[in-house]
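Residue numbers (our numbering): 296 to 802.
None of these hints come from the bench; they were simulated from the model.
Bear in mind the structure is a predicted one, so any value in this text is a computation, not a measurement.
Accuracy of the hints is not assured; some may be wrong.
Here are the simulated SDA-like pairs of lysine to any residue, each with C-alpha atoms no more than 25 Å apart in a straight line [unchecked claim]:
id, residue 1, residue 2
1, Lys366, His333
2, Lys674, Asp658
3, Lys483, Ala619
4, Lys478, Tyr464
5, Lys335, Pro390
6, Lys402, Gln421
7, Lys394, Pro319
8, Lys663, Ser701
9, Lys308, Lys433
10, Lys702, Asp668
11, Lys800, Gln301
12, Lys335, Tyr464
13, Lys433, Met359
14, Lys663, Glu673
15, Lys335, Lys308
16, Lys311, Asn486
17, Lys702, Asp730
18, Lys311, Pro390
19, Lys631, Gly604
20, Lys618, Asn486
21, Lys651, Gly672
22, Lys483, Lys674
Okay, the calculated beta carbon distance ranges per label pair [to be verified]:
id, residue 1, residue 2, range
23, Lys652, Leu585, 29 to 39 Å
24, Leu501, Glu310, 48 to 58 Å
25, Ala644, Phe751, 22 to 32 Å
26, Leu501, Ile521, 47 to 57 Å
27, Met600, Asp727, 34 to 44 Å
28, Glu497, Glu310, 54 to 64 Å
The C-beta atom is built at its ideal place from N, Cα and C for all residues, glycine as well.
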Amino acid sequence: MHLSEQEIIRREKLEKLLALGIDPFPPEAYEVTVHAAHIKEFFQEDAEGKPVNFQEVSLAGRLMSSRVMGKASFAELQDSTGRIQLYISRDDIAPGDDKTLYNEVFKKLLDLGDFIGVKGHVFRTQMGEITVHVTEFKLLGKALRPLPVVKRDEEGHTFDAFTDPEQRYRMRYVDLVVNPEVKGTFLKRTNMVASIRRFLNERGGLEVDTPVLQAIPGGAAARPFITHHNALDVPFYLRIANELYLKRLIVGGFDWVYEFSRNFRNEGMDRTHNPEFTILEFYVAYKDYLWMMQTTEALLEQAAMDTCGTTDVQVGETIINFKAPYRRISIYDAIKEHAGIDVSAMDEAELREVCKKMHIEIDGSMGKGKLIDKIFGEKAEHKFIQPTFITDYPVEMSPLTKKHRSKPGLVERFELMINGKEVANAYTELNDPIDQRERFEEQVTLMERGDDEAMFIDHDFLRALEYGMPPTSGIGIGIDRLAMLLCNQYSIQDVLFFPQMRPEKFD
RNA sequence: GAUCUCGUAGCUCAGCUGGUAGAGCACUUGACUUUUAAUCAAGGUGUCCUGGGUUCGAAUCCCAGCGGGAUCACCA
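Generate the whole structure from the sequences, applying the supplied hints.
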């Protein structure tokens, strides 16, 4: 094992601590009575400037900086809420003749990054900084590797930032320690999810769990990961969606079920795609996609409000307004609006002609539905910046969706576009088992034509529908994509703690 | 998967047309009892991503590989 100079020095310090009878990794709990942010927010002084509270505090965290000035030192402690300054004077922590605790342990054997616990009282320095005057400290956990030292001056300028994306993603633990805004992003994401969960629970939604290992990967058009079950000696797929399982629960008599579903798709990775990602799906009996549009607007408005404190959310250079209601436009009108052509009456040959003229890449496996989707994707999708429901898709690209109540050839489906990206996809669910069987059979034809994303026939799902499913509307909302918007992050990797990367090699 | 680009100290980076490896911070030693990007003095950082090649000589030029990023393709 190759050790750098600094790592060797820290290991030597470990030995010296042990020689002094100090356990660098003590087992017992340390009493924490207060956190840094709380002190900074609520510290008070009387008229003479004498502190009135926090005169007996005990807190713990990482030592993040240390400025030794002879017999006194200033240091910074970083706990889960932020940083607070420490003032440590030699004669306070080592009142007797033996000054080892200060001269050796504090000044020499502690390193930046070490976990320590401190007890003391809070005061304000001459420079105005709220500070803990330490009377007692204890090493709680030694850091054997040096953290990147990121410094910030008064104007907020950052020096020597820890910025290498590879290192930040691979060693998120370090990223979180030294880049406080990263923690902020993830807290925001968690708040967003909590807000959505509250919204659903308040309306009678029931949170459920359904299988991740599936014998038939259904509910979406995507290439799955394949794994193998040893005892049964059969292949299993990691789920690409949970849709068909949630609908089985609607068959079973629940009115409203939801699941934050970790899905896995064996496809490319880029700034908007990770092999595993989270979709919130929910299904509500006796509703249709029109109801679902209203519910989606309300859900997103609340999520934006709870997460950002406003419905006008800054995303990159633009402001996205999450306040309901959102614009609605059919996919044909959307294409008309942005490509200037009416594809609503075209057959497959005509659509191919249009794609050719627009220099849109196509191949022989694509049917009418996919061609229309292509044209929309190339010419219109990225133009919808403000939240917009794109409605009424062609039946060929929606095998699980009920046919439109009044428009032949279309289905009752919408996708929600925000900032030029699909964030949600919803339908009035197909509950006619005979129609569903025919749609699955069409998928088999597509598969034979070479479409490797066409759906398998799920016979158990058909059997469930044959027992009867109430009219139902369902939706999938891309939680990572939504988090990217509400947290104003350009890349999905910045809203996932551990984005997928090529495995690291250690030698 | 394709193209472009990057890889030098713990971190951020410089290193020109090839000539003994550099800075700031961090680190080590010392001074300093209200500092705050603390300051002052002194000190050493290293598989220049890996492996080949060209050359008297390669961090530098060439080839291959590994890893990252960006763009594109597939997709949410």
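Hints versus structure:
1. Taking the CA atoms of Lys366 and His333, the gap is about 29 Å. The hint is violated against a cut of 25 Å.
2. For the given pair, Lys674 sits about 18 Å from Asp658 by alpha-carbon distance, which is consistent with the 25 Å threshold.
3. Proposed proximity of Lys483 and Ala619 is supported: the alpha carbons are some 21 Å apart, at most 25 Å.
4. Taking the CA atoms of Lys478 and Tyr464, the gap is near 13 Å; set against the 25 Å cutoff, the hint holds.
5. For the hint linking Lys335 to Pro390, the alpha-carbon distance of about 28 Å lies beyond 25 Å, and the restraint is violated.
6. Distance check on the hinted pair: Lys402 and Gln421 sit about 23 Å apart at the alpha-carbon level, within 25 Å; holds.
7. The suggested pairing of Lys394 with Pro319 holds, with an alpha-carbon distance near 19 Å, which does not exceed 25 Å.
8. For the suggested pair Lys663 and Ser701, the alpha carbons sit about 20 Å apart, so the restraint of at most 25 Å is met.
9. For the hint pairing Lys308 with Lys433, the CA-to-CA distance comes to about 15 Å; that is within 25 Å, so the pair holds.
10. Restraint check for Lys702 and Asp668: the C-alpha separation of about 18 Å stays at or below 25 Å, so the hint holds.
11. For the suggested pair Lys800 and Gln301, the alpha carbons sit about 23 Å apart, so the restraint of at most 25 Å is met.
12. A distance of roughly 31 Å separates the Cα atoms of Lys335 and Tyr464; the hinted pair therefore is violated under the 25 Å criterion.
13. Proposed proximity of Lys433 and Met359 is supported: the alpha carbons are some 15 Å apart, at most 25 Å.
14. Restraint check for Lys663 and Glu673: satisfied, since their Cα atoms lie roughly 16 Å apart, inside the 25 Å limit.
15. Restraint check for Lys335 and Lys308: the C-alpha separation of about 33 Å exceeds 25 Å, so the hint is violated.
16. At roughly 45 Å between alpha-carbon atoms, Lys311 and Asn486 are farther apart than 25 Å, so this suggested pair is violated.
17. Taken as a hint, the Lys702 and Asp730 pair is honoured in the structure, with Cα atoms around 17 Å apart against an allowance of 25 Å.
18. Restraint check for Lys311 and Pro390: the C-alpha separation of about 22 Å stays at or below 25 Å, so the hint holds.
19. Proximity of Lys631 to Gly604 is assessed by CA-CA distance (about 36 Å); at most 25 Å being required, the pair is judged violated.
20. At most 25 Å may separate the alpha-carbon atoms for a hinted pair to count; Lys618 and Asn486 meet this at roughly 18 Å.
21. Restraint check for Lys651 and Gly672: the C-alpha separation of about 15 Å stays at or below 25 Å, so the hint holds.
22. For the given pair, Lys483 sits about 33 Å from Lys674 by alpha-carbon distance, which is inconsistent with the 25 Å threshold.
23. For the pair Lys652 and Leu585, the supplied restraint of 29 to 39 Å holds, since their beta-carbon distance comes to about 35 Å.
24. Separated by about 57 Å at the C-beta atoms, Leu501 and Glu310 satisfy the suggested range of 48 to 58 Å.
25. Against the hinted window of 22 to 32 Å, the Cβ-Cβ separation of Ala644 and Phe751 comes to about 29 Å, which satisfies the hint.
26. Checked against the hint of 47 to 57 Å, the pair Leu501 and Ile521 fails, with Cβ atoms roughly 31 Å apart.
27. For Met600 and Asp727, the Cβ-Cβ distance of about 39 Å falls inside the hinted range of 34 to 44 Å, so the restraint holds.
28. Evaluation of the 54 to 64 Å hint for Glu497 and Glu310 yields a pass: the beta carbon distance comes to about 58 Å.
In the structure shown, a violation is registered for the earlier hints numbered 1, 5, 12, 15, 16, 19, 22, 26, in ascending order.
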